[in-house]
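K.L.:
This is what each chain is made of:
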Amino acid sequence: MSSLASIEGLFYLAATIAIVASLKVVTGKNTVHALLYLVISLLAVAVCFYLMGAPFAAGLEVIVYAGAILVLFVFAVMMFGLGIDETHNAPQSRGLSLWVGPVFLGLLLLIELIFVIGNSDLSLQLNNQIVDSKQVGMLLYGPYLLAVEISSFLLLAGLVAGYHYAKPESRGGRL
Amino acid sequence: MMLTFIIFGLLLSGSIAWVTDNKVFAGIKFQAKWVSLLSVLALGSCFLLLVYFSNQNFQQLQLFERVSWISSLNIDYALALDTLSITLIVLTFILAVVCILVSWEEIQEKSGFYYFNLLATFSGVIGVFSAVDMFLFFFFWEVMLIPMTAIIAIWGHENRYFAAIKFFIFTQVSSLLMLVAIIAMAYIHQQQTGVMSFYYQDWLMLDIKIGVAQYLMLGFFIAFAVKLPSVPFHSWLPDAHTQAPTAGSVLLAGILLKTGAYGLIRFVIFLFPQASENFAPIAATLAVISILYGAKMAFAQSDFKRLVAYSSISHMGFVMLAIFSFNEIAYQGAIVTMVAHGLSSAALFSLAGMIYQRIHSRNLNDMGGFWQSAPRMGGFGLAFAAAAFGLPGLANFVGEFLSLVGAFQVFPIMVVFASLGLIGSAIYGMLLFQKTFQGVPLKQVQDLSVREFFICGSLLGLLVVLGFYPNIILGYAFGVFA
Amino acid sequence: MSLLASLPLYPLLSFLILISFGKRLSWVMASWVSVGAMGAAAFCSMFLVNQLSTSDTSVITAHMWQWFSIGSAKVNVSFYLDALSAVMILVVTGVGFLIHLFAAIYMKSDENFTRFMAYMNLFIVAMLVLVLADNLVLLYLGWEGVGLCSFLLIGFWYQEKSNVLAARKAFIVTRIGDTAMVIGLFLLFKSLASLNIAEINQLAQTTISFTSNSMNAAHSDAYWAALLLLGGAVGKSAQLPLQTWLPDAMAGPTPVSALIHAATMVTAGVYLIARMNGVFLMAPEVMNYVAWLGGITLLIAGVAALAQNDIKRVLAYSTMSQIGYMMLALGAGAWSAGVFHLMTHAFFKALLFLTAGAVILALHHQQDIFKMGGLLKRLPVEATLFLVGLACLIALPGTSGFFSKEAIIASLWSSPTAGPSLWWCAILGALLTSIYSCRLFFLAFLGKARFPENLVISDHIETNKLLRGALFILALLSLFGGLVTVDLSSLFSSYKPSVVSSIDSPSWLHIVAIATPFIGIIFSWFYYRRYRIVTDEPLTASHSAWIVFCRNGLGFDTLYSTLLIKPYCFVAKLNKNDLFDQILMLIAWYVRIWRDILSVSQSGSLRWFAAAFGLSLVGLICVVTL
Amino acid sequence: MTEIPLTHVLILSSLLFIIGFVGVVVRKNTLFMLMSLEVMLNAVGVAFIGAGSVWQEADGQIMFMLVLTLAAAEIAVGLALLIRMQRRYRTLNIDVLNQMKG
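Chains as they are written, first to last, in my numbering: chain A, 1 to 175; chain B, 1 to 482; chain C, 1 to 626; chain D, 1 to 102.
Each hint can be trusted.
Output of the computed footprint for chain C on chain B, the stretches with three or more beta carbons under 8 Å from beta carbons of chain C:
no.	stretch
1	295-304
2	366-372
3	390-397
4	420-427
5	437-443
Calculated from the structure, these hints are not laboratory results.
A virtual CB, placed ideally from N, CA and C, is assigned to each residue, including glycine.
Isolated chain A (complex conformation):
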C-alpha cells in the first residue's frame, strides 16, 4: 500500500471524488448545486487524465468541459430560468421505488462490464510516459484531418440548430 501522495494514491483519490461527485449530480435536487458537483467531477477526472500521462487532455477537460460547456449550462439555467422547475415545483424523483429498477439494471450492467474486464487478461499497466500535445497535434492534423473537418461541421450544425431552436417562436412554428 503506497502512500496517498504517490501517483497511484492521487489517482484513486481523484477517481473516488469523481464517482462521488457524479453520484451527487445524479441524485441532486438543486440544479445549480448539481452543476457545481458536475464541475467537481470533471475536474477530478481531469486530474486522473493528468496522472495517466495526458496533460493535454486534462487541460482540454478543464478549459473546454468545465470552463466552456458547464458555463454554458450555468448561463442557460440562470438566464432562462431552467432551474426553477426542479427546485420549486416538481416533487419528483423522491420515491425510492423509482430508483429500484434503473439501479438494478445499472448494477447488472456494471457486473457484466466488470466481468468482461476481469475476464479478459489485460494485465497491462499504464505507462507513465507523457504523451504530449505535440504528438497529439501531429496526429490530429495528419491522419485525422478528415475527422477534424467533420467535427467542425458538427459544431457548425450544433450552432445552427442551437440558434434555430432557441430563437423566439415568432411565427408560431411548431417545435
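Model the placement of chains B, C and D on the given structure of chain A, informed by the hints.
P.N.:
What follows is chains B, C and D alone, placed relative to chain A:
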C-alpha cells in the same frame, strides 16, 4: 415497338392528364377527362390497326418485343400477343372507355390524378395480358395493383381505406407466392439448361418433376384464385367493389378479375398441364362452391354494389370450373363468359353508379319503383339483370352454357350442383331488379342522360350481339387451345 | 328470307317500335302496330300451314345463321316446322291475335298501354321461337324468353307489392324446372353428341349406350334425360310439384292470364314432351311418372278449384287441371290426343279468361265471385259466351273439349304406361271439373246480385264490337274446333318393342266417360242449390279449415315456404357477413392484438427508451460474452 | 512507472458510465438528463485516455477530443431544445413529451 408505345402511351397520357389538371393550366380548356378519353380511343384504334395489319397467325404467341432488360439475371422485356390476349385487350379498351365515361361527372376532386391512376391501371392490365417474360409479367401485375388501390383509397365511398388496404393485402400476399414460384421456375431452368431464364416460351420446354410442379402450380394458382376470386379467397372483393368509385368497380369486375382467369389459362394450365390435371377435382370443387356460395351471398345483401360483387364471384366460378375441366368446349365457354361477364358486370356497376348519383345511396331498401320515373333506366336494369342470370340471347348465356356443357363431360355431378347456381342467380337477379325498379315509387329520379344512355346502350348492344353471334369471339380466341 | 324465318319478325318489329317510341305513340297507333303485327303473323302462319299440308314434304325449315358450335355439333338459329309446330303456331298466332285485339280495348285506359302491348308482342316472339326451334338450345332461348315476358306481365302493375312477389315467384319456380331441363340438355349432349331435336329423336332410338346402361340397368341415360326434361316441363306447365306459381300469376292483367297462363306458355311443357317423344319413349318409367304427375295434378287442382273465391283463380286451377290431362295423355303415349287437347284448351280457356275479363271490367275490377251473382240478366252475352266455354271445359258432347278429352280418356286404360288406376283418376277429374264449373257459373251468373245495387255496369265493354267479335270467334272455335281432327300420329314414334300392352279396354268405359260430366252437373244442381236460387239469405265463402286449406292450393305454398324458402333465407341472413371473411379477418385480428401488445412498448417516453437501450445492452453483452 | 492497472481505469470508466446511465433513466428533469449524459460522455473519455496511455499513442487523446466536440455540439442543441421546451410546455419534465407513443 407499337405495343410498347400503346402501353407507355397510356401512362404518358395519364401523366399529361395529371399535369394539365392544375391551377397553372386552368386557363386552357384542356381537361383531364378529355385527354384520357381521346388518348384511350386513339391508342385503342392503334391497337386494332396493329393487330389488323400485322398479318400474323395469332393462334400461336407472336413475339413483338424482346429486349434485354436486366442482363445479369437474363430478364428480358418481352411482349407477345395471341388471340386470347388480343380478345382481352380489346375488352380492356372497351371498358376503359366505359370507365372514363362513367367518371365523367362523378369525379370532381383531383380529377387529374384520378385519370392518371385509371390510365396507369389500364397500362398495367395490357402489360399483364401481353408480357411473356415472367419477371415483366410480375412487374405489370404490381403496376396494375397500386393505382387501383389508390383509386379505391382516394375516391371511394365511406369505408374506403379499409377496403383499399384489404384489397392490397390480399393481392399482394398472394402475388408474393407467385413471385416465389417464378423465381423457383427460373432457378429450375438454370439447373436444367445452365442459364437462368424468365422467358415464358423457355419455360414451356422445361420438364419438371410432378412433385415439384405440384407446388409451383399451387403458387401460381393461389395468386390467380385470389384475383379471380374463388372461395375461400374472395372476401376482398365485396369490400373493394362496394367501396370503389363507379369506374373502379367497373375496372375491378370487368378487367382485373379477368387477369386471374387469364393467368389460370396461360400459366397454370399451359405450364403445368399434368399437375393441374391432378389438381382439377379440387379446383372444380372450389369453383362449384364459389358459384353456389356467391349466389347465396348475393341474395343476402342489401347493398346494390355488394350484391353485384357477390354475383361476380358466382360467375367467375363458372370460368374456373370450365378452365379446370380440360375440355375444348368448356374453354370456349370460359372465354365467352370472361368477356360477357366483363361487359355485364361493368354495366351493372355503371347502373349502380348512376343510381348512386341520383339518390346518394346504394341500399336497396332506399330504392323502389324507379321504373315510373325512369323507364329507360328500368329497361336497361332489367336487361343487365337478365344478363346476370344468364338469359339466353345475351352473351352470358352462351358462355355459361358452353362452360357447363363442356364441364359436364368431365364432372357431371359437379355440373349438376353448379347448375343450381342458375337458380340462385335468378333469385338475386330478380331481387336486384325488383327492389330497384318495381314496387311503390319511393323517389322520383331523373331518367338517363344522353351520356348514360350511350354507356348502357352500347354495353347492351355488345351483349346482344355476342349473345346471338358469339362466333365473333369463339372463332377467334379459341385457336389458342388447338 | 323465307316466310318461316320472317314469322317472329312481325311481332319483334312491333315490339321494337313500341319500345322505342313508348308513350309518344297514341292508343290508335300503338294498337294498330301491335295488333296488326299479330294479324300479319297469324295470316302468315295460316299460309305456312297451308303450304305444309299441301306440299309433299312434311317439314319446312329455315336456316338463318350458325349460333355457335359445341365441339362438332352445330347449334343453329334455324326454324323447323312440322305438323306439331304447325298446330302450335296456329294456336299461338291465332289465339294470340284475338287476345291482342281484346287486350287493345281492355287495356285502353292504362297509362302504360304501349309497354303492355310491347311485352305481349315480345312474348309472342319468344313463344314462336320456342315452338319453331330446331334445336334444344334455341328452344331454351324461347323457353326463357316466355318466362321473362310472363314475369314482366304478371308484374305489369309493378307498384303493387303482391304483383311483384307473384312475378318473382313465377319466375323463380319455373327457373327451377328450367335448370333441370338445362342439365337434361347437358346429359343429352353428352350421350348423343347433338342438340338438334330431330337428330336426338332419331339417335335416341338407335344409340344403344343411351338406352342401356351397363352399370345401372334401371336408370339409363335416357331415363335421366327424360326425367330432367320432365322437370322443365313440370315447371313451365305448372304441374306437381312446381305448380304453386300459377294461381298467383293471376295478378297480371286478364289478357295476360288468357294468353300466357292459359293458352300458350303453360302448354309449352306439353309441347316439349311431345317434341322429345323419341327420348321419352326410350324411358317408359318416366312416361309412367308423367302420367302419374298429370293424374295427381289434375285431381289436386280440381279440388283446389272447388274452394276458390276469385274467378280468375278458379280458372287458373282449372288450367292446371286441364294441363294435367294433357300430361296424362302424353304419359300414356297418346301424343296426338294430348296435343289436340292442348289446342282445344287454348280456344276455350282463352274464351273463358277473356269473358271473365269482360265481366271483371264491367264490375269495376271485382273478381270475387261471392260479390257477383245474377249477372245472367245484366250481361247476357258474356254469360252465354262463358257458358259455352264452360261446356267445352266440362266436355259436353259436341264441343271441342269433348273430342279431345274423350280421346285422352279412351287411351288411358290400355296404355302400357298408364292403366286403369289413371283412367279412374281422369274420370274423377272430369267429375270435379263439372262440379267446380257449375259452382263458378251458379255463383257468378245465377242467384241474387250481390254487388252494390247502384253499381253501374260500365258499358264500354258492352258496346265494343271488336271486343265482342274476338270473343265470338273464340266461342266458335271452342264449339267447332273439335271437328278438325288433328292426326299427328305419323310424327311420333312408337314404344320400345319390349313394352307391350296386354290389357284390353272394356266396352263400358266410353259410357262412363260420357256420363261423368252429366253426373257432375246433376250433383251440383242440387248441392249448390243455394248458389243458384235467388234468396235473401246472405251468401259468404266458407271459412272452415278444410276449405281454407283447399283454397290455398292444398298447402303446397306453406310446405315449400317452410322446407325451402325459409331455410334459404335463414342461412342467407345468418351468414350475411360471410363466414370466410370472418375467418380471414381472424388473421387481421391476431395481428392487431400483437400490434396492441407491442405498441405498449412504444410509450413515447424518452426515459423508457433509454432503459430499453440499457436492457438490450445487457442482453447484447450477455450474448457476446457467453 | 506507475502501477495503475488498465483494469482499474476501465472500472472507473464503467462506474461513471453507469452512474450517468442510471441518471438518464431515473431523472425526469431534462436538465439533469443532460448532465447525466455529460457524465457518460466523460466516462467514455476516461476509457480512451486510459487506453492511449497504455500503448503510448496519441490516438486516445484525439478520440477524447472528438468526444469533447460531440459533447459541445450536443449541449448546444440540447440546451436550445430545453429552452424551447420550457417556453412551450412551462416544464422540463421529459414525460410530457410522449406524443410519439404507438
